[in-house]
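4 protein chains.
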Amino acid sequence: MALKKAPMGWNSWDCYGAAVDEKTVRQNADYMAKYLKPYGWEYVVVDIQWYEPAAESNEYHPFTDMCMDEYSRMIPAPGRFPSSKGGKGFKPLADYVHSLGLKFGIHIMRGIPRQAVHKNTKILGSNKTARDIAKTASICHWNTDMYGVDAFKEGAKEYYDSIFKLYASWGVDFVKCDDICRELPHEESELVLLSNSLHNCGRDMILSLSPGPALLEKSELYKEVSNMWRITDDFWDKWELLYAMFERAEKWCTHAGNGHWPDCDMLPVGALRQCYDEKEWTKFTEDEQITMMALWCIVRSPLMIGGEMTKFDDFTLKLLTNKALLKMHSDARNSHQVLRKEIAGKEVALWTATDVEGGMYAAIFNLSNKSCTVKVESDDLEVASFANGFEIFTGKAFKGGDVITAKIPAHGAAVYALGVKE
Amino acid sequence: MALKKAPMGWNSWDCYGAAVDEKTVRQNADYMAKYLKPYGWEYVVVDIQWYEPAAESNEYHPFTDMCMDEYSRMIPAPGRFPSSKGGKGFKPLADYVHSLGLKFGIHIMRGIPRQAVHKNTKILGSNKTARDIAKTASICHWNTDMYGVDAFKEGAKEYYDSIFKLYASWGVDFVKCDDICRELPHEESELVLLSNSLHNCGRDMILSLSPGPALLEKSELYKEVSNMWRITDDFWDKWELLYAMFERAEKWCTHAGNGHWPDCDMLPVGALRQCYDEKEWTKFTEDEQITMMALWCIVRSPLMIGGEMTKFDDFTLKLLTNKALLKMHSDARNSHQVLRKEIAGKEVALWTATDVEGGMYAAIFNLSNKSCTVKVESDDLEVASFANGFEIFTGKAFKGGDVITAKIPAHGAAVYALGVKE
Amino acid sequence: MALKKAPMGWNSWDCYGAAVDEKTVRQNADYMAKYLKPYGWEYVVVDIQWYEPAAESNEYHPFTDMCMDEYSRMIPAPGRFPSSKGGKGFKPLADYVHSLGLKFGIHIMRGIPRQAVHKNTKILGSNKTARDIAKTASICHWNTDMYGVDAFKEGAKEYYDSIFKLYASWGVDFVKCDDICRELPHEESELVLLSNSLHNCGRDMILSLSPGPALLEKSELYKEVSNMWRITDDFWDKWELLYAMFERAEKWCTHAGNGHWPDCDMLPVGALRQCYDEKEWTKFTEDEQITMMALWCIVRSPLMIGGEMTKFDDFTLKLLTNKALLKMHSDARNSHQVLRKEIAGKEVALWTATDVEGGMYAAIFNLSNKSCTVKVESDDLEVASFANGFEIFTGKAFKGGDVITAKIPAHGAAVYALGVKE
Amino acid sequence: MALKKAPMGWNSWDCYGAAVDEKTVRQNADYMAKYLKPYGWEYVVVDIQWYEPAAESNEYHPFTDMCMDEYSRMIPAPGRFPSSKGGKGFKPLADYVHSLGLKFGIHIMRGIPRQAVHKNTKILGSNKTARDIAKTASICHWNTDMYGVDAFKEGAKEYYDSIFKLYASWGVDFVKCDDICRELPHEESELVLLSNSLHNCGRDMILSLSPGPALLEKSELYKEVSNMWRITDDFWDKWELLYAMFERAEKWCTHAGNGHWPDCDMLPVGALRQCYDEKEWTKFTEDEQITMMALWCIVRSPLMIGGEMTKFDDFTLKLLTNKALLKMHSDARNSHQVLRKEIAGKEVALWTATDVEGGMYAAIFNLSNKSCTVKVESDDLEVASFANGFEIFTGKAFKGGDVITAKIPAHGAAVYALGVKE
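Residue numbers (my numbering), protein chains in the order written: chain A, 5 to 426; chain B, 5 to 426; chain C, 5 to 426; chain D, 5 to 426.
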């Protein structure tokens, strides 16, 4: 399956942790369809623990009981997803999302449920049972739901085939698989088996690997087996994490391409942590959000909104529907950092990208906590001179020439689209 | 509890793996009582998986069902230990062993049964249940029976108290606790909790920690909480492992003392691997067995026989009932390596020890694969001259003086008792 | 000083080791002026030990006597460089090279001569002497000529100023500084001091840092202080080294830019090792040389010929004067590896680059030791379709479309120039 | 050469750094002969840089000129050692020391003088010269006097033979060789060569290796080639360093024996740093000095006084002439730490040793900064009961029994001699 741009959508984790419910998903899907779909946003993804009846926050319940069918496959907790009752799984919810012109995604954990292993339940299409394929000592270090699957055991392929066939029957378009991205090389054989089952299940699905940091030396494997892979541990609304992303993005930038993107993780914008005791608005300043969007878009990271969309304020909605910005996200090629240095005591990073129609982008980041004025010369970007263009966030026109002079606030960014066709 | 010498006994693992049964234990106890007890041998230890009905060899059965009481405590599999039926546990077998004038030991795994966690069974003396005290992600890497216990959780102390009270009621004298010795510092709090429960259970029990290699920097902790701790991974009848033990013994020798001994692991002598497809006699040569016994005894390692005793040949029985050798095991003090070097192309190690009555020992090891003649001078051992004495394995008299000259076969040893009182 | 393309030239090391002489330099300069200058080749660089009278091969003479002026500065050995007699230094030779329309370069070792320190000679422009600025314990690990200079000592700046002023007076255009590139962070202050002196000496000089591998985490520093830096230890005519360069090039490719280039080291082509007992022709096959040139050119590495030019055969001369290839070396932007994977058991790498006039390059490498046929689709390179073009080494036309199909010999390469203007 | 006890003496470093002179040495020798010789003190050692005319403090003068004979051998600076004039070397001073009934020692640096290499001077007994045997890139990291000698080069043996023959002709009894102990394995061949030359020079000399920390895995090598080796970097009068010595001593204690002793470094007692701007008295409290002496003596470390002896106060002199303490230093065998733990919040260490006449020692250290009362039971030391005896520092009698109860001040120690014959 060849894709032309990195996925854009919404994911329930940053707001609802392990406890999102059907009503919330539908309400965010409605909002997306109305306000964001015209700009390219399309995926609605239900994150972790949808099979856990007792989930109530972002904390996990170790060893808790989960909803599972007779073939060792997790199914939605009907108390949280009422439309799934009667063995319908996520089909009704996916149908609804599709009816809005959007796509539907779910989160899974690598492996087979521990409770399946302890009950020794069946595997569809095999006479082996759960205990036969569980991999001894392969567990997730932060969640007790699953044992890893031993790819070399008979029955392992049938198990993975069976879960993706189930998801295909539900109409799933996107699978975020957790506890796998940074578990290489130990769990590489399971990753390959899982990817093969997904790609042969009869329905196109994006495969997203989590959590990071991914291993740079495995870049070609990630490209082969998946569509996106997390280059960072969980990203949240802290400047230190955003600052650190520049170094990660620099290392991974050449690995973005058709159908495969390094993933900078979700965008913690707007209302976050709605399942916490203290509900909170993003702690990022507006300038930091601009910096985040500029970096994610120029490197073509997948864009997955983390906030509760129905509570968006004007700034957030405007930021996420900036057409020129999203055009860069779609069209950028050859993204890379050109330089990073101190200018008059301020740490500055310069990134560039091209498009395939002769346009180019210059993104200037002020990583310091004071505003600064930066000059970028055409020599820096190895062009004879800069074409006419404009700054993406302000819309202000730029008259081509040898120098861009930008005054940039603390933690802020300016991105110039130069010679980019409308 | 103050002990005067390191434990001596028999352990079922080297012969019967996970599958020993009551009949075998009784038959070995009978043999020990008759032939070995007079020499100080006294412990009869049932090793791993006595709670697993389906055990049949040295291989584990991942995720298999186990015998457990309502309070999450493992109990003997009645098919393998018939006298345990009706909730009697190991009491009848321990009573039998005691009736022979011997002591009874069992193996346990650190933690709480995974099946208790999945069934969420009760904990005696607490309103918490198994899931409440299991430690997420603390598992054994080679056995699937247990989850670690989180020492900081309410109910954890009650659980450990409850198992040792049960063992006390059975009459257990010795507990070999597995998956703990080398798991420091991660599982240190669980080790301390377990040790406290054992020492407060109302019955004296030896606490033996496994598997190794133990961590030298934790030597003082091992001394505090246990009586013996494995300084090596599993030891078997291979020269390479015996050769490697010299270096381990050198590092640990100063840590043997009253009630606490570095443990070189079981003695793979005689008939081994009786539960394997190929039953086998020890692959050690007689000289290698002499070397092993000489090293274990001079450093005062616990002595746990690994072979099926009823099949002992004359050599083995004689080796294990060598009075002078076992006197050194009992009386040695200040054991340490004096030198290790090449003499005429042969690698030689010289060890020494004293006793508290003015006697001394000199153990000469030929670590090369050719016989060699070694001269030890009184200057080497910093005495004015050597007292009269004898060589321990041959019984040959040594007339005191300035030099010991010993011809030692390949992989062999000679041990001189000098000025040692009868 | 802004440069538009990476330096191209000749360096004496691969043929003459530590022992090149003036006659040889002149003869190669003559050849370059006649046959290579029209294609952009211009630097003639005298490598290491030009100040050592006794040099005779590629081996160093530890602690040997060297030619030095009264101010602790190395000067050419007059026996090897006759025109330097009478204190003229390299001025006459540089003048000659300039008279041919070429540029002149020399090699230096970081630091101050050990013999200056032992004689405690003067420093021009300072009342400090050699011992005052030598850095204790900072020595080169493979050459005994120098002590490092302690940048924090008075007199250090004057010393470095004095040597670059001398080189400027000689007419030096290029300085290859050794024992410094991979010596970070220990010698960072000396590197910065040295770079400042060079850039303030009154004459434009390229600064080339050696030996590698350079440290990726210091990439921004290299860009700031130098023009090129070695990303590898010495490169020679062995396939293993060429194979390994792909991984190095992948890591460094985004760091090439205006005036600063990661350096893949000299090109061991044609007649090599003329100062060795066994003179030898390059051991690279023709296909391997094509692969080398394709990689060096697409990543814009500096190109420094290692072979004796007057002995070039037709293949070598043609390879080094391939106009389309050298145009890619000059014009490539955004070079990076797109993928690397096994196709039918053959390991293949795909690289791409653009130019600033709408053209693009696709370089396909066969890293296996059997020939193979590779298909590259326009989707792989994220373009709607490929423009018309040609293969650079064969000159064969390519008619645009969705697929490039290339049959590539073992260890060989094919490079397509697509939509590139003449 | 078999030795019966570890060397005891005085070394000039702690007081006079690189700058000791003949007058000072003679004055300390006089003091030792009068006040300390009766207690076993005998070595007078001239530490580093005796060949440097300009030495004036504890700081080194990088690359400075040194006194050397025509055969590349350092000789005493006559300005500092007037009796050495006329090529007499240290012979007159050694003769004087010998006339007092004492022994004479010197410090050397591993290798051959750098100035010999630069002047390329001769080697006695060889037609090779200094440059031929210097080892490229083998230098000391904290002193610029020497290059290492390449043991595999012709002339290397002759050089080392020639220096030890010179020292033998002077009457040297003790050689402290620096820049070698912790330089293994790199400089192992030079160490072996040097040791062989020393042991074949025709005069008995102690070989002391510096600086530490020595490598535990090379313990057998140190024993073979030397008499003492530093187990620590330079030791000074700081509690942190004394505290840290307990762990070092524990690791090395079994390696003390006849003619070979792990070395805890000099004793910084009394007046120190007499060549510094600020002359200072030791910063150790009296209790800390007792702790130091107790530890050094029970492990049989060499004892080398660091302070200016003529300024000793009563406490210091009494401490260094405590007969019972020095008897333990002489007679202790089997020294080792028995336990180290917290008792009521105070960190305590218990050491023991035996002698060869049935006596034993128990040393109790209070490593905390508050006084504490410690009970040691006979079980702790594995004896039936304690014999009669006395505390070594107070002289207070101890009536034998099952328990020793000692109140020990902060950072202090109590050492019991039990059943030790007069």
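What the hints contain is simulated information worked out from the structure, not anything from laboratory work. What you are looking at is a predicted structure, and each value in this text was computed from that prediction instead of being measured. Misleading hints may appear alongside valid ones.
The list treats identical chains as one, so a pair stands whether inside a single copy or across any two.
[As the list claims (entries may be wrong)] No farther apart than 27 Å at their CA atoms in a straight line, the calculated lysine-lysine pairs in the DSSO-like style are these:
1. 345 with 27
2. 132 with 322
3. 95 with 157
4. 379 with 8
5. 222 with 379
6. 161 with 345
7. 92 with 403
8. 222 with 350
9. 126 with 157
10. 222 with 322
11. 345 with 327
Going through the hints against the structure:
When the C-alpha separation of residue 345 and residue 27 is checked against a cutoff of 27 Å, the pair qualifies neither within a copy, at 48 Å, nor between copies, at 45 Å. For a Cα distance limit of 27 Å, the shortest separation of residue 132 from residue 322 qualifies neither inside one copy, at 54 Å, nor across copies, at 52 Å. Within a single copy, residue 95 and residue 157 get their C-alpha atoms no closer than 31 Å, and across copies no closer than 41 Å, so neither meets the 27 Å cut-off. Taking the shortest Cα distances, residue 379 and residue 8 sit within 27 Å of each other only across copies (20 Å), while inside one copy they are farther apart (33 Å).
Proximity of residue 222 and residue 379 under a CA criterion of 27 Å is satisfied inter-copy only: 23 Å between copies versus 37 Å inside one chain copy. For the identical chains of this complex, residue 161 and residue 345 are inter-copy neighbours only, at 24 Å across copies versus 50 Å inside a copy, given an alpha-carbon limit of 27 Å. In the homo-oligomer, the alpha carbons of residue 92 and residue 403 never lie at most 27 Å apart, since the shortest distance is 58 Å inside one protomer and 53 Å across protomers. In this assembly of identical chains, the alpha carbons of residue 222 and residue 350 lie at most 27 Å apart only when taken from different copies (18 Å versus 35 Å within one copy).
In this homomeric assembly, residue 126 and residue 157 come within 27 Å of each other (Cα to Cα) only inside a single copy, at 15 Å, whereas the closest approach across copies is 35 Å. For the homomeric pair residue 222 and residue 322, neither the shortest alpha-carbon distance inside one copy (37 Å) nor that between copies (39 Å) is at most 27 Å. Taking the closest pair of Cα atoms, residue 345 and residue 327 never come within 27 Å of each other, the shortest separation being 30 Å inside a single copy and 36 Å across copies.
In the structure shown, a violation is registered for the earlier hints numbered 1, 2, 3, 7, 10 and 11, in ascending order.
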